[in-house]
Every structure is written in C-alpha cells, then in structure tokens.
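In order, the protein sequences belong to chains A and B.
Here the numbering used here is used: position 127 in the first sequence is 127, and no number is missing along the way.
The number in the numbering used here is simply the position in the second sequence, starting from 1, with 1000 added.
Hints are computed from structural coordinates only; laboratory data are not their basis.
Note that the coordinates shown come from a computational prediction; the quantities given were computed from them, not determined experimentally.
Each hint should be verified, as a subset may be incorrect.
What the hints assert, rightly or not - Capping the alpha-carbon separation at 25 Å, the derived lysine-lysine pairs in BS3-like fashion look like this: (1) A:Lys-154 to B:Lys-1489; (2) B:Lys-1489 to B:Lys-1477; (3) B:Lys-1039 to A:Lys-229; (4) B:Lys-1464 to A:Lys-135; (5) B:Lys-1489 to A:Lys-182; (6) B:Lys-1197 to B:Lys-1568; (7) A:Lys-323 to A:Lys-303; (8) B:Lys-1092 to B:Lys-1194; (9) B:Lys-1393 to B:Lys-1408; (10) A:Lys-165 to B:Lys-1489; (11) A:Lys-154 to A:Lys-165; (12) B:Lys-1477 to A:Lys-154; (13) A:Lys-135 to B:Lys-1477; (14) B:Lys-1464 to B:Lys-1039; (15) B:Lys-1316 to A:Lys-135; (16) B:Lys-1264 to A:Lys-165; (17) B:Lys-1568 to B:Lys-1140; (18) B:Lys-1477 to A:Lys-165; (19) B:Lys-1316 to A:Lys-303; (20) B:Lys-1140 to B:Lys-1316; (21) A:Lys-59 to A:Lys-29; (22) A:Lys-229 to B:Lys-1464; (23) A:Lys-182 to A:Lys-241; (24) B:Lys-1316 to A:Lys-323.
Chain residues, written in single-letter form:
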Amino acid sequence: MKNSLFAKTFAALILSSFLILSAGTANAKRLVAAVPDWTGGEITCQVAVAILEDELGYKIERIVFPSGTGLWEAVAAGDIDFACESWPSYAEADDVMINMDLVYDGEVVKSYSGDGTVAAYTTGIIGMSDYYVPKYFADANPDFNDWSDLNSFKAQFANAETGSKGRLIACPVAGWNCHDQKRLDLLGIDFEASELGTEVAALAEAQAAYDRGEAFLLYLWEPHFFFGKNEMVGVKLPAHKDCETFTEANNWQDCGTAAWPATGWAMDYTMNYMNPAMINDPANADAKAFFEKMAFSNTDQAKMLVRVGDDGLSVEDAVAEWKASTDVWQAWLP
Amino acid sequence: MVFLQETKSPGSEVNVRRLIISGLVFLALLFSFWLVYQKDDVSTFPESVKLVEVLDIKQSLEKRKFILMPIHFGTDHFTFTAWVNQGEDYLKKHYRWITRLIASYVKAGYFMLEDFLLEAPWVFVVGLLLIPSLAYGGVKLGLLILFGFMYWGMVGLWESAMETLALMGLSVVLSVIVGVMLGILCALSDRFEKGMKPVLDTMQVMPAFVYLIPAMFFFGIGGAPAILATMIYSMPPIIRLTNLGIRQVPNETIESATAFGSTKSQILFKVQIPLALPSIMMGVNQTIMMALALVVLATFIGAQGLGSEIWIAIRKLDVGVAMEGGLCVLLMAIMFDRLGKAISSEPITLPLDSQKFYLLPQTWDIYPLARIIEKPLEYIHFIFGFVFSSIIKIFSSIIGLILSIGHKEFANTVKEFINLHYFFFSGILILIGISLYDSYIVAIGSFPEAWNFSIEEEIAAGVKSLTVNPTFISITKAIRSTVVIYLLKPLDVYLTFLPYWYTMAALIIISWISVGLRFAIISTLLLLFIGACNIWTEAMITLSSVLISVLLCFIIGVPIGILASYSKRFQSINEVILDAMQTLPYFCYLIPVLMFFGGGAFSALLATIIYSIPPIIRLTVLGLSQVSSTYSEVSTSFGGTTIQTLNKIKFPLAIPSLVMGFNQTVMMAFAMQIVTPLIGGKGLGLEVFNGLARSDTGRSLAAGIGICLLAMIIDRISLAWTKKQREALGL
Chain A
1 MKNSLFAKTF
11 AALILSSFLI
21 LSAGTANAKR
31 LVAAVPDWTG
41 GEITCQVAVA
51 ILEDELGYKI
61 ERIVFPSGTG
71 LWEAVAAGDI
81 DFACESWPSY
91 AEADDVMINM
101 DLVYDGEVVK
111 SYSGDGTVAA
121 YTTGIIGMSD
131 YYVPKYFADA
141 NPDFNDWSDL
151 NSFKAQFANA
161 ETGSKGRLIA
171 CPVAGWNCHD
181 QKRLDLLGID
191 FEASELGTEV
201 AALAEAQAAY
211 DRGEAFLLYL
221 WEPHFFFGKN
231 EMVGVKLPAH
241 KDCETFTEAN
251 NWQDCGTAAW
261 PATGWAMDYT
271 MNYMNPAMIN
281 DPANADAKAF
291 FEKMAFSNTD
301 QAKMLVRVGD
311 DGLSVEDAVA
321 EWKASTDVWQ
331 AWLP
Chain B
1001 MVFLQETKSP
1011 GSEVNVRRLI
1021 ISGLVFLALL
1031 FSFWLVYQKD
1041 DVSTFPESVK
1051 LVEVLDIKQS
1061 LEKRKFILMP
1071 IHFGTDHFTF
1081 TAWVNQGEDY
1091 LKKHYRWITR
1101 LIASYVKAGY
1111 FMLEDFLLEA
1121 PWVFVVGLLL
1131 IPSLAYGGVK
1141 LGLLILFGFM
1151 YWGMVGLWES
1161 AMETLALMGL
1171 SVVLSVIVGV
1181 MLGILCALSD
1191 RFEKGMKPVL
1201 DTMQVMPAFV
1211 YLIPAMFFFG
1221 IGGAPAILAT
1231 MIYSMPPIIR
1241 LTNLGIRQVP
1251 NETIESATAF
1261 GSTKSQILFK
1271 VQIPLALPSI
1281 MMGVNQTIMM
1291 ALALVVLATF
1301 IGAQGLGSEI
1311 WIAIRKLDVG
1321 VAMEGGLCVL
1331 LMAIMFDRLG
1341 KAISSEPITL
1351 PLDSQKFYLL
1361 PQTWDIYPLA
1371 RIIEKPLEYI
1381 HFIFGFVFSS
1391 IIKIFSSIIG
1401 LILSIGHKEF
1411 ANTVKEFINL
1421 HYFFFSGILI
1431 LIGISLYDSY
1441 IVAIGSFPEA
1451 WNFSIEEEIA
1461 AGVKSLTVNP
1471 TFISITKAIR
1481 STVVIYLLKP
1491 LDVYLTFLPY
1501 WYTMAALIII
1511 SWISVGLRFA
1521 IISTLLLLFI
1531 GACNIWTEAM
1541 ITLSSVLISV
1551 LLCFIIGVPI
1561 GILASYSKRF
1571 QSINEVILDA
1581 MQTLPYFCYL
1591 IPVLMFFGGG
1601 AFSALLATII
1611 YSIPPIIRLT
1621 VLGLSQVSST
1631 YSEVSTSFGG
1641 TTIQTLNKIK
1651 FPLAIPSLVM
1661 GFNQTVMMAF
1671 AMQIVTPLIG
1681 GKGLGLEVFN
1691 GLARSDTGRS
1701 LAAGIGICLL
1711 AMIIDRISLA
1721 WTKKQREALG
1731 L
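My request is simple: use the sequences and hints to build the entire structure.
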C-alpha cells in the first residue's frame, strides 16, 4: 500500500517535471545570454541582443553573470546559450574548450584545438591592456617618459603598506593571470603590485586618487569607461612577444626580459562564445550567420561608453541611439 | 591569629600559581619572538603531510573529463582538492537530474509568486502587508510599512523590490517549513541534536561563495539556486530556536499533560509547539534577516532583483544609486523585523480610557501640540472602527442567515468567529474590493512612474566632497598608516613567520586547558587538515586580520556600549545605526570605504569592523543594564564613584555577556573574511575566490573549510570560558 503510493507520487513528480521542462523549450526562438560584468562587455552584448531581438525575432533572457571559467562551463553545459566579449589574454578555458579557427576580418587570427564544447566568433572589438598614469602627473613631470622612469618617481607612488616601494593598482583578479608582480620584477621596476580583488575596487581607489590629484599607477584596458571621465597616459610597456614556456604546468618559467610577461599584453581579438549545439541547430541559422558577421568597432564602443559613463544613459538606450544613428549593423544581418 | 593565617595561606597559593602561569606565558611569548626573529621566510608545513597538488588550469580542466580516474596511492595524485572535484563531477553526471527536478519545482513556485507580485495592482500588494501590520502594530507600524512601499516605488525600484520580495519570501517560507521540522527532530532526539550542531555551525560560517557556484551547476541559473543557497545560509537560526523553544517547555507542564493521558504526539502538537511559538517566531525573524543579507550575493548566480540593481550601480562606481538600492533592502529588513516582532509579542492593551494616543508616546499627553496632532487621529480611528465593525456585522449576519437555513448552531459559531476576527475578514474584503476595482473599473497597474524622488545625487555629491576634502583625507591617511604600521604588519609577520608547530602547540594547549582533552585532540586534527591542504600561511593571515578587527571592535564597541547603557536617548539612536549596519548590504559601503581609505588590507579590516561590531555593543549594553540596580546602589551608598561602581561592580558582573558578544563578533568577523577579498583582503577568503575563478571547487572548499575550522576552534574556546566565568560568578 505504502509502496504503491510512493510509486504514484514519484510518477506524478516525473510527469509534471516533463511538463515544466517542455514548457521551457517549447519556443525555440528564446535564448539565454550572460551579460558580462564590465560596461564595455555589457555594451557589446546589448548590441548583439538588440539585433537578435529587433531584427531576427528572438526573445533573449539576459542574466548578469561574473566572467571566468565557471561561465565557460555553464555555456558548455547549455545553461547559458551565449556569452559576449571574452578576452583571450585573460581567458583560460579557451584553449581547452574551443576547437575552431578564430576569424577576424577574413583572416584566421588563432587556431584552437580544444574539445569543441564551446564555439566562438570574434566581436570586432580589439582590446589592449597597459599600465597608466594620470595625464596631470605626466604634465607636471616632463622627465617622465615611459615605464623606465617609474623608479625615479616611486616615492610619489608609495603608501603606508608598500613602504619604500611604489604601488601599482594591479590587475585586480588573480584568476586573470596578469602576473603584474613578475613583470615589475623582471623589468626592474621597484613597485609592489596590489591586487584588490575586483575591478570596482581598483577603479574606486583610482577615481578617488584622480579626484584628489594624486599620482597613481593603474593597470587597465582599452576601451574602458574610465578613460571617458579621466585623462590617462599609458607607460608604453615593451611590445608583446610570446613566451612558450610561461605556463602554470611549466611552473611559470619565464623567458627573461625578452618576452611575456616582461613585455606587454597581446592584442586581444575578443569573441562571443556559445553553446555549439544551439548555434549549429538549423533553427538558429540566422543567429549563427549574425555572429559570424558581427564586427563591432572600438570607436563605436568608446562613444557609447562615454554616453553611458558620462551622460548617464542606460546601456539599452545608448545602444538604441547608436543603432538608429548608423547602418553599420545592416551588413551583419544574414 | 590562627584565623588570619588560615585565610592568608590559600590566597598566597593562588597568587603564586598566578605568578607562575603568567611567567610561563611571558616566557612562551619571548620564545616565540625569538623563533620569529630567527626565521627569514614564512613558516610552511612539511611536504609529507600535504594533501594538495598544484594543477595547471588547463590540466585540471582536462583531468576533470575523466570521471573517477584511477587514484594512485602514495603519489601526489591522492589529494583532497582532487577528491572534491572528482566527486563533484561524478555527482553532476549521475545525479544532476534529481537536483534539476527539485529546482524545476522551486522555480515554478518562484515564477508564480513573482508574476503575481509583478502583475497585481500595486495598491493590492501594499494592502497585503499594510492590513496585518495595522492589526498587530497599530498606526505606527502601518506608517512605517507604508513609508517602505512608497520608498521602493518612488526611487523607481518597485519591480526589483517585488522580485526580491518573491525570492526572499519563498526562501523564508521553505526555510521555515524545513527548519521547524528539523528543529522538532533535534528537540526529540539528543543524538540527532548532537549530530546537527557542527552542521549548523558550518552552514552559518561556511562562506556562501563556496557553494553558490556549485549550486548553479546542480540547480541551474536564476531563482532556484539562489533560493536554495539562501536556505542553506538562513536556516540555522530557525532550527536552533525551534529546538530551544521546545526544550525550554517546563517538565511539570509535560508531566501534567501525560498525567491527563495525552499521547506523545498530542503533547508535541498541543503543548510543546504552542508554548515554543515565541521562540520559533524569533527564529523566523532571524531567518528573514539572514536571507536578506544574501540579496546581493544571489546576483552572482543570475538572480534578478534589488541585488542586481545594486551590483550594476557599484560596478559603475555609482555610490548614490547603490545606496538607494541598499536602503530598499534595509527598509525591507526593518519592515519584516518590526512586523514579525509585533506579531510574536503579546498585544499591549491599555484600558480604553487611558489609551489616548495612537501615534505618539502616551506620556506626551501633557504637551498641547501632541494633543492637537492626535485629535484627528482619534476621530479617524473611531470612524474607521465604526464603519468596519458595522460592515463586518452586516457581513457576518448575512453569512449567518445563509447558513442558518442548514444548521442553526453552526451558523452561530461561524458568526461569532467572524465577529471575533473582524480585522482578518475586513482585510480580505478590502483586498477583494481592490482587485475587483482593478479588473472591472480602472486598471491600477504597477507603481505610478510620476511619483518619484531621489537622493542619489545628494549621496554621490556628499561622498565626492569628502573624497577630495584635504583635512578628511589626511585624517584617514593617518589612521590607515598607524594601523598598518603598528598593528597589521607586525601581527601578520609574527603569525606567518612563527613556526607552524609552535602555533599549533599553543592553540592545542589553550583548547586543552579551557575545554578539555577531547577537544584538544579534535583541534589537533582540524589544524593538521589546514596544514595538509597547504593553506597554513593563508590561515594565519586570516587569523591575524580577524584578531585585529576583533581587538578594534572591542576598543571601539565597549565604550559605545557603556555610553548607551547610561543614556537612553543615545541608546535609541544607537539601535537604529546598529540595525542599519547589520542589514544594509555591505557592498553599499565598500565603495565609500575604498574611496576614503584606498584598497588593501586596511579597508578589508574596516569593512570587517563595520559588519561585526554590533554584537559587542549590543551585549555590552545588555550586560551592564542587567546588573541589578541594588548592587550599584549599595556601591554608591558606600561612597563609590560612578567609575568605581562601573569598574568594580558592573564590569565583573557583565563579563559573561561581554564574552558572548566577543564570541559573536569573532564569528561575524570570520564570516566577513570571504567578502574582504573583493576590496583587497588576503588570506583564506582570497583562496576561495581563486578557486572559483578557475572553477576548482576543491580548492575553494578547502579554504572555506579552513575558515570554518578556525572559527569553530575559537568559538568553542570562548564558549567554554563564558561557562567558567558564569559558574565562578554563581549565575
């Protein structure tokens, strides 16, 4: 008696779960997108979302999601259909999970040979990372030309925690593998890299220091909304050169001062990445064609960053405004 | 003479023993300084006990594709972190369908609630909460609730607030259902209670980040995993307080019930649970508070609502908007807290003729202005009371008439029931009226957009002007360098450079003396686990920042507590600030802290202090005001000054309370260690984040467990000490 009741309940549970699940998948034109957690990425994502929704008839559910390996796994598992603007210099999962050529402007910029659980297409944005000082500091000190002069000004960059050394507001998240301290040591810059844990923390400190007119050295990337509000000057790190041995498996054996990490960052051909089963589904052929053709430009993103950062527009409004003012995106349609 | 000698000798013996003990402690300290001085690098555990392997991220990702790959004993593949990751993969592959099934039910419930709250006319939602608050808390509480709703709507966060309300509502309801059941089980079985205790401790101290991301893989994205993660965090108080409430029911009551022939289940449901209700209600209250603390964290797994509004604003360094959103959460917490307290407390019924005021304190009767303000309220109250009671009377007599056709007696009882619960029924009538009005006459819809007000610009401007104010910044810089140079750096160096065996021995001896041999063995094992997971240095950094923040909490908190215990007015202001400090999402004040003090260890320390200082203040006030006034009167009559009374009488008697506050502050400081890496904190918390960024659950879990273990050891030691103090005082 008890058993049959249990069996019945169980069967009912299973049946109703199928109902719920099938209700979720009934409409194939619904996609789940992970919105990146920095404004530039948010804009790129909103551009894709706006075109998919307005022109291709999709309904996109947007989810705020911190970037990192966890997001790649969620995309591979199909919990999220696509995510936007990944930076290869910082991503760690791309080599493992992508198995295709990354094409930018008709040219193959990188060939991946991972297990193919994630597909990727370039967004058009090319990212650059560097160390920056405020422009007022460079203007006040005509002797300051590039990174090699940092040591002679280190007293201005020091604080209670770094003591006699200067302080770099470093690449905030250890998981991004920026290797700031290693770079500083290799280049002989007597600074201490302090990792603040989040982009927000680094920016909050930098913004406050800028408002007070203090000297500070900040790791940052372009395009970024911080440059819309504040005038910054790069310290011109040596041009990027690859270093084959600099991997965690190899216990970070560096190549001296001739290559990464002593040199700067590579150009980042950023990419949108998605679940391969979703994008190769014939029903989503339109979306696939769009992602292949998308070529959003740095200048357009920078303009929108100013509209969002300075003029207080929402990301949605800024993208709608841009979309109405130009027809660049017409070329990306299938 | 004989008498004198007899009293003197045990006293001097105690003195000698004290001298020896303090001498030994002093020597041990000197020895430790010497050890630290000898070392030129941080202390590490010997390789032979390490359970951890350093994996390349790419390797580890590849490795995880081979579920349950053969484990080679004796090599460095046999590791804790690898076990966890393999176990997780195995569970994911074989049992995910079950968790997804649970999630689909939770999700369905969540969507239903959310859709209801979002689509219902806003007046209806307000009424839903306003009517019970008027019934239980009177005009005062009603005004507070109304203010809360108006604030949500007017700052333009109505929809986010509704989403958060649905999320929190469902998690609290589920927590209460599951928690009360577990609490009853705990109360019925001593063995179950014993087994549950460490689980509850872990649930409270284990950083939510550790299980948030795995929860996503098992339960999907959005509402469902957020609700389940919130449940894990917020269930302990309701379990503890249900258990406590049932166990506190006096034995005589149960015996007399048994004597009258009640069965066990009758005693449980008719005697124990009803008597435990106040305690259970307090648990519900705390559960709500803790659930609201997770609002922002839930954003990290895709839950929408106030949390994501706050997080987006913080990312843009928009202090004003973030603070506005934070105030929404704060108001939500205060509203539910006050409503819960009003429901669970006994209704205060004053004799009809002495109840003169509805809003202002009764004692203000002497002020004519107060009387002018209250006069219209009295009329309104009277009119409302008259109208409603007559409507309900008509309603009940109609129902009675209809029912009396069938059964006369039944009709009478129903009539009486309705007349007794007139507030409940009039509330339902009003809500039905609103929804009828909405669907047949004019659609009310969501909160009107035309009503808005905003304080974001004022807040942002205030923060900005302080940021660039040279005097203020020079003060903050001075504080920062003092604390960093004289406290943080020395202790960090001391604890990390001190050889691991010395620190372990010290902690083990302390736990042996204060708790007992069994606990000493347990703590040895716990400390060995920390060492074996290769997180000893991180654990010492965490310990040092917790110790310093607790020390500073003590230095700041106890004087504030003393002041508050002497001045009532100061105390009431103090209460509001403490409430705010505990319920305002900490993300809101992190940005101003960073702007004023700069990122790094000091800001992490400051955030920890803000979060964990309330218990020490509260319990100082409690301890000092509990000291019966006769003691202090005796002291004063013997010519003791206020300071002498405080020093010699009140403080010694308040020590158990103070230690309790110390204990809670330590636990909260440990819990905060997981948030501080977001603004530059180091130690185990950072290790949790590094594990998460690489999707290496094993690594984050090891660090999370490390935090729990340290917290547990210190918790047990301080609790044992409280007990001894209480016994010594004969309390």
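- Message: Of the numbered hints stated earlier in the document, which are not met by this structure?
- Response: Checked against the structure, the hints that fail are numbers 3, 6, 8, 14, 16 and 20, while the rest are satisfied.
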